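Protein sequences, first through last, are from chains A and B.
When the letters of the first sequence are read in order and numbered with my numbering, they come out as residues 1 to 118.
When the letters of the second sequence are read in order and numbered with my numbering, they come out as residues 1 to 584.
In case anyone wonders, no lab produced these hints; they're calculated from the structure.
From a predicted model like this one, the values you see are computed outputs, not experimental measurements.
Treat each hint with caution, since some may be false.
Chain A regions said to be covered by chain B (calculated; three or more residues, Cβ under 8 Å) [stated by the list, open to error]:
no. : stretch
1   : 18–31
2   : 38–45
3   : 58–65
4   : 74–86
Using N, Cα and C, we set each Cβ at its ideal position, and we do this for glycine too.
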Amino acid sequence: MKARPRRNSRLFKAPDWHLQLYVAGPTPKSAAAFRNLERICEEHLAGRYHIEVIDLIKNPQIARYDQIIAVPTVVRKSPPPVRKVIGDLSNTERVLAGLDLRRHDSSPFVSRKGKTQL
Amino acid sequence: MKKKTTDTNRNELRKSPTGIRGLDEITEGGLPAGRPTLVCGGTGCGKTLLAMEFLVHGATEYGEPGVFMAFEETAAELTENVASLGFDLKTLIARKLLLIDYVQIERYEFEETGEYDLEGLFLRLDQAIDVIKAKRVVLDTIESLFSRLSNPAIMRESLHRLFRWLKQRGVTVIMTGERGEGPLTRYGLEEYVSDCVISLDHRVLDQTTTRRIRVVKYRGSTHGTNEYPFLIDKVGISIWPVTSVHLEHHTSDECIPTGIERLDAMLDGRGYYRGSSILLSGTAGTGKTSVAATLADATCRRGGRCQFFSFEESPEQIMRNMSTIGLGLQQWVKKGRLQFQTVRPFYYGLEMHLARAIRLITEFEPQVVIVDQLSGLETTGTPVELKAAMMRLIDFLKMKGITAMYTDLTSDGNSLALTDTAISSLVDTWLILRDLELNGERHRSLHILKSRGMAHSNQAREFIMSERGIELKDVYRGPSGMLTGSARAGQEARERALQVIRNEEVERQQLDLKRKHDLLERQIAALHSEFSAEEARIGRINDYRLRQKQSRAGDELEMGLSRKDDVKIGRKLIPKNGGNGTKS
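In isolation and in its complexed conformation, chain A is listed as follows:
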């Protein structure tokens, strides 16, 4: 699918990438995770993603339904399969690997870099 203009994508069409970020209250780790996630998505999935932040303190029952044990956790809801990355997402490479972002990435630079690192 073609990339759409970045700013309007979320408004007009459901994005390809649905990411959920589970946090437990406004902790420094949660904030760091959110910042890191947004940065990575902007770099690799510009205009094709949506981040949903779920605070487990407000909705504790969700942890059970969504099988969350550690916070922060990012869950790739779509596209399938479901993938999870836990931690503050400070290691970009691991986030990319964990969310399996490289295959969908348009940038050959990152892809190559990833390969050499692995």
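Add chain B to chain A, keeping to what the hints say.
For chain B alone, coordinates are given in the frame of chain A:
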């Protein structure tokens, strides 16, 4: 709330009963309430089941709802696994007495980057506890987190926090853990739990397995320290500890009939003491089972209940065989007074046999228990183990006041089997059944080796089985030893013949004597008459002499007169005797 805990006023550790049979006995009341307990053991030794039972009993018996946090099995799997034990988890879940939270952590789903904590897990648990107001929590097994999350430092920090937090919440926690090589658990879970550690074990010895449980540690409480065997069967986990090491069971003066009249007579005319243990040993085919079945029959006939354990024959076979000696055991089975439990000895380990036996006895509450036969159990353990197990069984039965009969097979030539020597000091009454081979026949004899507290007979009896049942007969004891069977009958016939001869002899002697007596009588009579005759003769002689004398005197006078003897004439006037002097 029906919470059964010890009195908190006495500053004692509050305990949370597990409801698992025997475990509360060992732990003297249950697990430490409001604290975590570690249950560790190898794979398949019953950790999950123990934990689940803790929750189910808590929910159903003690009014304490529980949360089961499963890391390895899903709620559906858990429900299915314990359904066979009669635990209806679905209903409990619906009644909000139980909540199962399956924590799915598949490693391939995870990628770890940077800092994180297990707040999500805490929140889940916290929420679950709140939803059903849980008092009990199981974490089965939280170790899986270690294998799936790569940062042990975070794990440790989180777990420390978790247990601090659980203690604050005041819930009683069971945490299960896999047994490790060196430490108790593979990931050193014991470092988080310092209050109570229970170890489960599943050992295979000679191809039979025995499950054992041990309370390794219980802070602030005394507890049984031994390894106790436990069972997992259709009612779940049960432990059968012999906690009473003291011999303080109530002894009864009451006796129960043996079912064999003459055996009663041999036993002081009363039978076996109620609550005593009787060992019946003998070689193959001496009628051990029959004596035991007779006791069972007699017990049921009096309206009692009897539990019959057989390691050799099926119930049908026993009943058929016993019907040939006139025992209709079927009727008692139908009436629910007689219960058979037949299983091959090697099917379970010794402990399992014991535990099953004790469970059955506890449920059935019989007055008499028969174990036929002990020798089968020899293969299931060492003599030391067997003796320990027997001691526990005997003590258990004595405490309950149940009369127990154990039969034991001894080998030919060896009157006492291994088991005999092992338990002989434990039994109160010891009957020996013996084979006697004589004149090409085989006969049985029975004697009492000992019977504590009873003036029992010391004589052997011949033991006869017929369609009328068991009979005891006197054996012939003579100079040539003990005789039984046809030898006894032959000997008796010979004795009778001898007696007849002896009687005739006596009669003849009596006749002789009588004859002699008569003869003497006659002789006496003859002598008497002779004597009288003699007397008469003497009388006659005297008379004659007197008459002669008189006639001679008359004659002299006549002659003198005729001779004109003046002297003589003159003397006619004087007394006669004067005349004699003048004659010369």
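Okay, the hints, checked on the actual structure:
| no. | hint | in the structure |
| --- | --- | --- |
| 1 | 18–31 | holds (count 3) |
| 2 | 38–45 | violated (count 0) |
| 3 | 58–65 | holds (count 4) |
| 4 | 74–86 | holds (count 5) |
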